[in-house]
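Engineer: Model the full structure from these sequences, guided by the hints.
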Amino acid sequence: MLSGKILEAQRGNQNCMLDLIRTFQQLLHKYAYKLHYEDAFSDLVISLIEVIYKIKIEDFSETGDGALVNYITQSINHTYFKLSKRANILSSKEQHVSDLTESQQFYMENAPAPEEEHLSKFKLMLSGCNLTNAEKEVIIKFFFWETSVSQIAKEMKVSRQNVNQIKNRAIKKLRKIYS
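According to the UniProt record's numbering, the residues represented by the sequence shown are 1 to 179, in order.
Hints in this document: simulated from the structure, not taken from any laboratory. Treat the hints loosely; a few may be bogus.
To be verified - Ranges between beta-carbon positions, derived for each pair:
(1) 38 - 63: 33 to 39 Å
(2) 74 - 165: 26 to 32 Å
(3) 86 - 132: 29 to 35 Å
For each residue, glycine too, the CB sits at the ideal point set by N, CA and C.
Structural biologist: See below:
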């Protein structure tokens with residue numbers, strides 16, 4: 001039943017998508033209330049829609065609708081934690097902005113995000129090493145973006161074992177250089 005609605009929603013059936021949103025509406029409202037900001041419900045609905053489009057139904061063909069419900073519920077839960085973390089960071093920044101001088105506020109608004117700054121430093125550090133492009137990609141995704149090995153394997157279209165071998169080879173090279 002649920003898998004059929006998801007397939008139809010993935011094919012563009014808006015009524016099935018609305019039914020799926022209604023199915024998880026109470027959970028979305030619960031987390032939106034906990035987030036305490038205006039567009040929380042919309043952000044959670046968008047996340048749900050993204051999850052529905054990304055689900056591979058064939059992975060759940062043997063397990064049934066219960067596994068699909070758990071998967072979607074966990075995805076919404078993870079989105080809640082991400083949004084909660086982002087909202088906490090933004091609220092802490094807003095509290096301190098009023099204490100800054102005008103030039104400090106200008107710098108803060110125009111400065112690169114800390115993640116971008118750290119990523120560029122991380123890439124610069126890796127560029128001085130004798131790493132292949134695949135090794136650099138795995139190291140950045142695994143250690144900087146905290147992507148799981150299985151997710152990296154899916155993105156690179158290789159096995160998890162291959163990703164682990166690439167990661168371990170890169171770590172050995174980095175240890176030789178920096179030890």
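Engineer: Please list, smallest to largest, the hint numbers that this structure does not respect.
Structural biologist: Hints that this structure does not satisfy do not exist here, as all of them hold.
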